[in-house]
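Novice: Here is how the chains run, residue by residue.
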Amino acid sequence: MGKGIEGLEQAYEILFTAILIFLAVLALLCLLRAVIGPKTADRIVAVNMLGTMVIVMIAVLTLMLQEDYLADICVIYAMISFLAVIVLTKVYMGVYLERKKIAEMSGETKSGEYTAGDEPGKCDGNDKAEK
Amino acid sequence: MEAIEWIKFLAGALLLLLGTTIFIFEMIGVFRFKYVLNRMHAAAMGDTLGIGACILGLIIMNGMNLTSLKLFVVIIFLWFSSPVSSHLIARLEVTTDEEQDKHYRRLILSQVEESCERNNCEEKNRKQESREQSNCEEKCRVQAAEKEEVK
Amino acid sequence: MSKKVPQEQYEKTISYKFRQWLNGSKDPYLDTVEMKPQVPFCETESERLQREEENQQLAKKVYDLEHNAEIRLFGKMYKVFSVIFCLFLVTMLLIGVSYLPTFGHPENPANNEVSERYIEKGLQETGAVNIVTGMILDYRAFDTLGESHVLFIATCTVLILLRLDKKELQKSNEANDRIYEPKNDVILQTAARILVPPIFIFGIYIILAGHLGPGGGFSGGAVIGAGLILYLNAFGFEKTEKFFTAKTYRRLSFGALACYSLAKSYSFYTGANHIESIIPLGTPGAILSSGLILLLNICVGIVVAGTMYTFYVMFRKGGY
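These protein sequences, in sequence, are chains A, B and C. Residue numbers for the first sequence follow this note's numbering, so the first one is 8 and each next one is one higher. Residue numbers for the second sequence follow this note's numbering, so the first one is 7 and each next one is one higher. Residue numbers for the third sequence follow this note's numbering, so the first one is 22 and each next one is one higher.
Honestly, the hints are just simulated from the structure, not real lab data. Remember, it's a predicted structure, so these values are computed and weren't measured experimentally. Positions of the beta carbon are idealized from the N, C-alpha and C atoms, including for glycine. Certain hints may be false.
Unchecked claim - DSBU-like cross-link-like pairs, simulated, lysine-lysine; straight-line CA separation at most 30 Å:
#	chain 1	residue 1	chain 2	residue 2
1	C	Lys187	C	Lys268
2	C	Lys57	A	Lys108
3	C	Lys187	C	Lys38
4	C	Lys338	A	Lys46
5	C	Lys188	C	Lys268
6	C	Lys285	C	Lys260
7	C	Lys25	C	Lys47
8	A	Lys108	C	Lys268
9	A	Lys46	B	Lys40
10	A	Lys107	C	Lys187
11	C	Lys338	A	Lys107
12	A	Lys108	C	Lys25
13	A	Lys10	B	Lys76
14	A	Lys107	B	Lys76
What the hints assert, rightly or not - Just a sample of chain C residues kept apart from chain A, beta carbon distances all over 10 Å, derived:
#	residue
15	Ala131
16	Phe173
17	Ile200
Stated by the list, open to error - Some chain C residues judged to face chain A by a derived CB distance under 7 Å, without partners named:
#	residue
18	Tyr201
19	Leu302
20	Gly303
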């Protein structure tokens with residue numbers, strides 16, 4: 008960038024380097040939020056933010072190094088981080104609701120009956136056959 | 007020609023610095039808010055606007071290029087996908103919250119109407135009666151006036 | 022027409038035993054080594070209670086921290102020593118790494134005449150502007166053939182281990198852990214309807230521009246796989262089955278891999294000698310250039326996309 012005008016080239020370099028360092032510090036703070044956050048949603052939000060800052064960093068790099076293919080990487084990274092959020096939320100919601108249901112069911116049947124996975128009929132028949 | 011280059015640099019640098027300021031505000035928000043959904047809101051707003059400003063600045067610095075078009079596609083994709091991400095995260099938070107009564111107030115319409123009726127019963131009845139009376143008086147006067155006219 | 026033999030006589034013949042062995046219903050150890058016929062495992066109520074009681078008593082004794090000073094001391098020392106051990110490992114590895122030659126030194130073993138030949142004559146001999154693609158799909162296309170086969174074998178393994186038949190799929194609907202997941206989210210469906218076509222187009226662009234810039238079959242296939250996963254998450258299994266079933270995957274992956282093998286498996290017979298291809302290398306920088314590289318990119322891309330989607334589906338449901 009700058010095309011030969013001396014002051015401009017230096018200005019571009021200083022600007023890009025400063026922005027890169029800045030964004031790197033912010034990304035480290037995102038990691039802090041991911042470690043601290045008491046809930047799951049905190050962590051997913053932190054990972055999303057980290058991805059966004061990395062996208063901006065790669066976009067700045069395309070201009071700094073004058074390589075055109077890094078812009079493709081930005082698009083791919085945006086897609087993949089979006090997909091990650093979708094799958095994580097879906098799976099975690101399913102796991103949580105399933106555990107809640109199992110806790111409810113086992114809380115109701117505390118008198119010694121079977122919980123959801125056993126089949127009461129089969130066992131008696133087999134006991135008789137063995138004896 | 008030099009002037010145009012400098013103008014491009016200044017405009018792009020301004021937008022880029024604006025974008026990083028927005029990111030700083032977003033980080034402050036994410037660390038200072040006390041509840042998960044507030045933090046998620048700060049993150050979503052900051053992300054969308056910050057990336058828009060930063061990449062617009064980079065596009066201005068680059069001029070009209072194929073690379074600029076690809077960066078613009080990044081903006082469009084992120085502006086479509088970021089709200090959907092925050093919607094899904096909010097949904098996750100609401101279903102997996104253990105202390106729901108502490109965080110939210112649930113309003114069910116039929117209950118609201120019942121409580122309203124119980125609280126404002128007497129006043130409402132009085133007001134309604136007075137309104138009905140006044141309406142009735144007016145109607146009677148009008149009818150009497152009509153009857154008189156007819157007669 | 023052969024005579025029909027009564028069932029008892031048929032059960033003594035070799036062909037019946039062979040058929041049983043094929044089906045898997047003949048237990049090879051039953052008559053030879055003395056073993057009782059297998060009975061499905063089940064526990065009576067009393068046995069279950071007894072087992073849980075024993076486990077609880079054992080746990081109480083093992084994790085009894087108040088009467089056992091040794092365990093407490095061990096717990097504290099463990100943390101300290103684990104940190105020390107990690108630091109020790111890190112320093113040893115860093116010392117080992119510092120003995121490596123400097124990056125870019127002209128006398129490195131990696132900078133020999135092979136890389137010089139690839140860099141100097143790459144464009145001329147392969148016609149690909151992207152030297153890396155020219156290398157993996159023209160000079161060393163045989164290795165990439167092995168890689169594609171490895172992807173195929175990995176998918177076969179996952180299918181063998183995790184796939185459920187239709188009957189088992191219906192049975193496992195009770196133990197299905199996907200019942201409680203949110204389905205048919207309107208916002209997500211609207212966004213997916215708008216976003217999935219551009220993702221596919223972008224993936225195809227990356228595959229086709231493999232010899233002109235970074236990209237190629239592997240990364241483009243991964244992007245297309247990601248697009249399929251997004252569609253599946255938004256719309257559910259039934260709608261995705263309308264255009265991507267097990268048959269589709271079978272035909273696509275077999276067709277692509279067979280295509281690649283036909284093109285480049287002559288190396289089994291000729292060794293390191295290259296066969297001159299009939300296809301002329303066009304002008305470098307155009308899409309239709311560099312011989313077979315475009316076709317091979319497409320084949321690899323199809324295999325990778327199918328692999329990614331199959332892994333996801335097998336781990337989630339066990340069927341397409």
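Novice: Give a verdict on every hint.
Specialist: Against the structure, the hints:
no.	hint	in the structure
1	C/Lys187 to C/Lys268	holds (15 Å)
2	C/Lys57 to A/Lys108	violated (40 Å)
3	C/Lys187 to C/Lys38	holds (28 Å)
4	C/Lys338 to A/Lys46	holds (28 Å)
5	C/Lys188 to C/Lys268	holds (18 Å)
6	C/Lys285 to C/Lys260	violated (37 Å)
7	C/Lys25 to C/Lys47	holds (23 Å)
8	A/Lys108 to C/Lys268	violated (37 Å)
9	A/Lys46 to B/Lys40	holds (12 Å)
10	A/Lys107 to C/Lys187	holds (29 Å)
11	C/Lys338 to A/Lys107	holds (21 Å)
12	A/Lys108 to C/Lys25	violated (57 Å)
13	A/Lys10 to B/Lys76	holds (22 Å)
14	A/Lys107 to B/Lys76	violated (45 Å)
15	Ala131	holds (23 Å)
16	Phe173	holds (24 Å)
17	Ile200	violated (8 Å)
18	Tyr201	holds (4 Å)
19	Leu302	violated (23 Å)
20	Gly303	violated (22 Å)
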